[in-house]
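Position chain S against the provided structure of chain X, taking the given hints into account.
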Amino acid sequence: MARSLVDKIWDAHVVRSIASGQDVVYIDRHLIHEVTSPQAFDELAARNLPLFRPSQIIATADHNVPTLNQHMPIEEPLSRSQVDKLTENCQKYGIELYGLGHQRQGIVHVIGPELGLTQPGMTIVCGDSHTSTHGAFGAVAFGIGTSQVAQVMASQCLLLTRPKRMRVAVEGTLRPGVTAKDLILYIIAKLGTGGATGYFVEYAGSAVRSLSMEGRMTVCNMSIEMGARGGLIAPDATTFAYVAGRPFAPKGEAWEQALAYWETLYSDEEAVFDAEFVYDAADITPMITYGTNPGMGIPLTGRVPSQVPDAEAESFDKSLKYMGFERGESLLGKQIDYVFIGSCTNSRIEDLRAVAAYVAGKHKASHVEAIIVPGSKQVEQQAIAEGIDKVLAAAGFELREPGCSACLAMNEDKIPAGAYCVATSNRNFEGRQGPGSRTLLASPLVAAITAVQGRIVDITQYLN
Amino acid sequence: MEKFQTLHTTGVPLPFENVDTDQIIPARFLKATTREGFGENLFRDWRYNADGSPKADFVLNNPRYSGEILVAGKNFGCGSSREHAAWALYDAGFRTVISSYFADIFRGNALNTGLLPLQVDDKVLARLLAAIEADPQLELVVDLPAQTLAVPAWDETVSFAIDPYKKECLINGYDDIDFLVNQKSAIEAYEQQRAWTW
Chain X
15 MARSLVDKIW DAHVVRSIAS GQDVVYIDRH LIHEVTSPQA FDELAARNLP LFRPSQIIAT
75 ADHNVPTLNQ HMPIEEPLSR SQVDKLTENC QKYGIELYGL GHQRQGIVHV IGPELGLTQP
135 GMTIVCGDSH TSTHGAFGAV AFGIGTSQVA QVMASQCLLL TRPKRMRVAV EGTLRPGVTA
195 KDLILYIIAK LGTGGATGYF VEYAGSAVRS LSMEGRMTVC NMSIEMGARG GLIAPDATTF
255 AYVAGRPFAP KGEAWEQALA YWETLYSDEE AVFDAEFVYD AADITPMITY GTNPGMGIPL
315 TGRVPSQVPD AEAESFDKSL KYMGFERGES LLGKQIDYVF IGSCTNSRIE DLRAVAAYVA
375 GKHKASHVEA IIVPGSKQVE QQAIAEGIDK VLAAAGFELR EPGCSACLAM NEDKIPAGAY
435 CVATSNRNFE GRQGPGSRTL LASPLVAAIT AVQGRIVDIT QYLN
Chain S
127 MEKFQTLHTT GVPLPFENVD TDQIIPARFL KATTREGFGE NLFRDWRYNA DGSPKADFVL
187 NNPRYSGEIL VAGKNFGCGS SREHAAWALY DAGFRTVISS YFADIFRGNA LNTGLLPLQV
247 DDKVLARLLA AIEADPQLEL VVDLPAQTLA VPAWDETVSF AIDPYKKECL INGYDDIDFL
307 VNQKSAIEAY EQQRAWTW
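Protein sequences, first through last, are from chains X and S.
Letter by letter, the first sequence follows residues 15 to 478 of my numbering.
Letter by letter, the second sequence follows residues 127 to 324 of my numbering.
Next up, chain X with everything else stripped away, as it sits in the complex:
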């Protein structure tokens, strides 16, 4: 029977099915970090359970780490204690930890792919909703809660209901200045913030195929922002070339075997999807969000909707009031206070290169504070090797050390109340970047141009 990609991977991981319909699904790779793991370790200890497969877990510290002076002890006591707890637990249970100061440290969804931990056909989980990022490799990857983190620690399995399947195809060629981030913001604006709840989304079509692995990661990363359990893209030559030679990638004969298997990972032509959408790449222009969920996105040159269904009006107007915007207005010309370039969505070397290529020889507007936080130590080192650090410094951008930073404002990197921030991250929720902060999500290119202009502009008029 014809099967979709998610079904092929799912089927290969079913240990057994139970009468009420769930499957015991085997998990290949479990990524953990300091914020959602401590209570799971406590759960194991309280039940006197061993860690079932320590070698299938990799840990890093990312959510709650400072992005300045990482060589110094963490000043904030609660943050320090949380990071120390991760180190203690990893030592106690024999888990590989890439903690602060380690050459492999970084945002969990940046280091997984760059180390070759993320591979096609795998099941990958992490106590973080943006685990969907790893789906870019043709993996079934999804975020879980802390109780489930404990379940995987105890059994390397989860009890799950098979997801529904959705395919979103984007066909054609993206216009100049339109990036993977614009593509996914466009899709989320079309489907809405809860539009894919219950589904695994397969992204397809020539515009998706033409994206680099990093672009594909940006797309899959934001699947959760429309409620999807995960997103994935069938692996192809671009995927295999990216994985080859990375530290955890299969080598020699194992590589040949892996490749032979990976080449079978695509949705069969006759596969049936529960929902399908097709978009034309030519319709996508640089995007920005105006509201307080990622589905509230418009073209940069568009207008805030003037009409919404009655049932949604109260929430919609609450959102606009928070943002300080009016129904029907254009965002062009709005002054911006901060630009944040970073997060598991857009903090990889291609993102930094795109920013550097634009800002080289220019300077940020004097009233804008521009912060750029690389996704990992490796990204940071690569940026330095390429001289990107110097280009950014000359343009007045501050290059920080790796972590989740102002995406979720757990550490001291916060946007002040009332300030507008154009951010390359994934969520524009109220207070996400700090109490009262106002976030406008956009691509790294839009962020770079906004930082230089100091206000929202039609970036297609400013491309180099």
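Think of the hints as simulated: they come from the structure by calculation, not from any bench.
Beta carbons are placed, not taken as given, at the ideal position from N, Cα and C, and that holds for glycine.
Be careful, since some hints might not be right.
Unchecked claim - Here are the computed lysine-lysine pairs in the DSBU-like style, where the Cα-Cα straight-line distance is at most 30 angstroms:
id: 1; chain 1: X; residue 1: K335; chain 2: S; residue 2: K200
id: 2; chain 1: X; residue 1: K332; chain 2: S; residue 2: K249
id: 3; chain 1: S; residue 1: K249; chain 2: X; residue 2: K178
Unchecked claim - Not close to chain X: a few residues of chain S, all C-beta gaps over 10 angstroms, as computed:
id: 4; residue: P152
id: 5; residue: A182
id: 6; residue: L186
id: 7; residue: Y191
id: 8; residue: E194
id: 9; residue: D248
id: 10; residue: L306
Relative to the frame of chain X, chain S by itself:
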């Protein structure tokens, strides 16, 4: 996990859609390494001013409303996977959230916390929100074994769906760890027969 059978209580209305887990518990309050105490910061930035004083217009600060059921707009719990959101609601005394739909990860987290995510259709939700706002003492009865939500004042009972396995878990206070650890031999057999070893 505490057992969940029936609940006779009143409801607290939160008529906004897409309430995300950053509103339920902002990230800066996720630094604790235990499960307890998150209720204090439930809806922190909607509930308190920057100086810590309560915002009078937020429903949890309104003495008219109390009860163990939060009644919220559709797509409740979207965003981050933080189970702390379910813990915060539970810690603050809620045992059920009623909405017209829930984000997937939140739904799972709630079930694993002993908090019942009770889904009704948009019409029932709108009626409930209006009725509670009109009469904060409106009695609500959740019967999990029977899978019903009763509103005695309406002389009406609404059925709700729940996965049969998760229902048993809630009623008995079981969780998936107990079940999964008992699957050890099947899991080891699976590992042995896997085609790929890289």
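Evaluation of the provided hints:
1. For the hint linking K335(X) to K200(S), the alpha-carbon distance of about 20 angstroms falls within 30 angstroms, and the restraint holds.
2. Distance hint between K332(X) and K249(S) is fulfilled; the C-alpha atoms sit about 22 angstroms from each other, no more than 30 angstroms.
3. At roughly 25 angstroms between alpha-carbon atoms, K249(S) and K178(X) fall within 30 angstroms of each other, so this suggested pair holds.
4. Here P152(S) does not stay apart from chain X, with its beta-carbon only about 6 angstroms from theirs, under the 10 angstroms limit.
5. With a least beta-carbon separation of about 17 angstroms from chain X, A182(S) lies farther than 10 angstroms from that chain, consistent with its non-interface assignment.
6. The beta carbon of L186(S) sits about 16 angstroms from the closest Cβ of chain X, which is more than 10 angstroms, so the claim that it is off the interface holds.
7. Residue-level check passed: Y191(S) sits 18 angstroms from the nearest beta carbon of chain X, beyond 10 angstroms.
8. Remark: the non-interface label on E194(S) is consistent with the geometry, its nearest Cβ contact in chain X lying 21 angstroms away (cut-off 10 angstroms).
9. Not every Cβ of chain X is farther than 10 angstroms from the Cβ of D248(S); the closest lies at roughly 7 angstroms, contradicting the non-interface assignment.
10. Distance check for L306(S) against chain X: the nearest CB is about 4 angstroms away, which does not clear 10 angstroms, and the non-interface claim fails.
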